[in-house]
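> Start from the sequences, fold in the hints, and give me the full structure.
Per UniProt numbering, the sequence shown starts with residue 1, numbered consecutively.
Don't read these hints as lab results, they were simulated from the structure. A portion of the hints provided could be inaccurate.
[Stated by the list, open to error] Below 20 Å or equal to it, Euclidean Cα-Cα: the simulated PhoX-like pairs (lysine-lysine) are:
no., residue 1, residue 2
1, 85, 190
2, 124, 136
3, 82, 217
4, 165, 112
5, 85, 58
6, 124, 142
7, 124, 85
8, 142, 165
9, 112, 142
10, 82, 53
11, 53, 112
12, 82, 124
[Said to hold, decoys possible] Pairwise CB distance ranges (calculated):
no., residue 1, residue 2, range
13, 42, 233, 20 to 30 Å
14, 57, 116, 47 to 57 Å
15, 59, 181, 46 to 56 Å
16, 58, 218, 39 to 49 Å
Just so it is clear, CB atoms sit at the ideal spot from N, CA and C, and this is done for glycine as well.
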Amino acid sequence: MGSERLRTSGHPSMSILFEDNHLLGVEKPVNVPTQEDASGDPDMLTILKDDIKERYSKPGNVFLGLVHRLDRPVGGAMIFAKTSKAASRLSEAVRSRSFDKSYVAIVRGIPKGQSGRLTDTLLKDERTNIVSIVSKGTPGSKDAILDYQVIGTSIEDNLSLVQIKLHTGRPHQIRVQMSHIGCPLYGDQKYGSAYSKPGEQIGLWSLYVGFPHPVSKEPVDLISIPPHQYPWNLWDQRVYDQLAENIQSGWN
1 MGSERLRTSG HPSMSILFED NHLLGVEKPV NVPTQEDASG DPDMLTILKD
51 DIKERYSKPG NVFLGLVHRL DRPVGGAMIF AKTSKAASRL SEAVRSRSFD
101 KSYVAIVRGI PKGQSGRLTD TLLKDERTNI VSIVSKGTPG SKDAILDYQV
151 IGTSIEDNLS LVQIKLHTGR PHQIRVQMSH IGCPLYGDQK YGSAYSKPGE
201 QIGLWSLYVG FPHPVSKEPV DLISIPPHQY PWNLWDQRVY DQLAENIQSG
251 WN
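Next comes the structure, spelled out in C-alpha cells:
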C-alpha cells in the first residue's frame, strides 16, 4: 500500500494508496492546498488531474471529484472520485456518516482523561478564515463532535500523541476543539500561536479514511503513517502500525 508514487512533472510526488476505475486514494503531502486558492500554488485537484491525463493519455478535461478536504498544512490519507457516480455516492456516505476519518495529532500538554468526546458549536469567520467556539444557536454556527484517545505522552517535551475520530467534518475542527481544552496542536500557528515557533510543521495527520466502495460496496481502507521526523518520531513506528490495525478492527 502506497508503494507506487505519482511523479507528475513540476508537481510534488505522492504515494498512491488505492486506485481503480472509480476512485483514487493518495497520501497528501503537507503544505499543498486541497483545491486552488489565492496562493496560486499547485493544489491536489490540479496535480491529480494532470497525473491522470498523463498516465492514461486522456484527451480533454479530466473529471475528479473532491469528496473531503484537508487543511493545507495537514498531510495523509485522502480519497478522490474519478467518476460523477462515485462522487455522488461518496458525498452521500459523508452525509450519512458511513465515511470514517481518523487522525493522529500531537498536542501540547496532556488532555484530561485517557479518552473523551468533545462536543462544541463552531462558527467560521469567512473574512479572517478563523473558527471560534460559540453558543449553541448562534446564526451560521454548526455542531462539531470528535472522540479522542491519548496514545502516549512525552513528559520531557510536554507533548501527547492523540488519536482522533471525527463525527463531523467542520473546518479547522480538530485544531479549534483541542486548543479549547488547553491542548493546542504542536506547530499550529493559528490556534496555538502562544506555544508554537515559526516554521514548526503542524502535528496533525490523516491516518485513516474508510468507506464502502461506491460501486462494489466492499470496504475500502486507506492508511497513511506520519513521516519519521520530529515530533512524530517521539513514538516508534510500531505505535502507528498498531493504531492502523486497531482502526480497521473497529475502534470507536
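> A separate judgement is required for each hint: does it hold in the structure or not?
Here is how each hint holds up against the structure:
no. : hint                   : verdict
1   : 85 <-> 190             : violated (37 Å)
2   : 124 <-> 136            : holds (14 Å)
3   : 82 <-> 217             : holds (16 Å)
4   : 165 <-> 112            : holds (17 Å)
5   : 85 <-> 58              : holds (19 Å)
6   : 124 <-> 142            : holds (9 Å)
7   : 124 <-> 85             : violated (31 Å)
8   : 142 <-> 165            : holds (18 Å)
9   : 112 <-> 142            : violated (25 Å)
10  : 82 <-> 53              : holds (12 Å)
11  : 53 <-> 112             : violated (49 Å)
12  : 82 <-> 124             : violated (30 Å)
13  : 42 <-> 233: 20 to 30 Å : holds (28 Å)
14  : 57 <-> 116: 47 to 57 Å : holds (51 Å)
15  : 59 <-> 181: 46 to 56 Å : holds (52 Å)
16  : 58 <-> 218: 39 to 49 Å : violated (26 Å)
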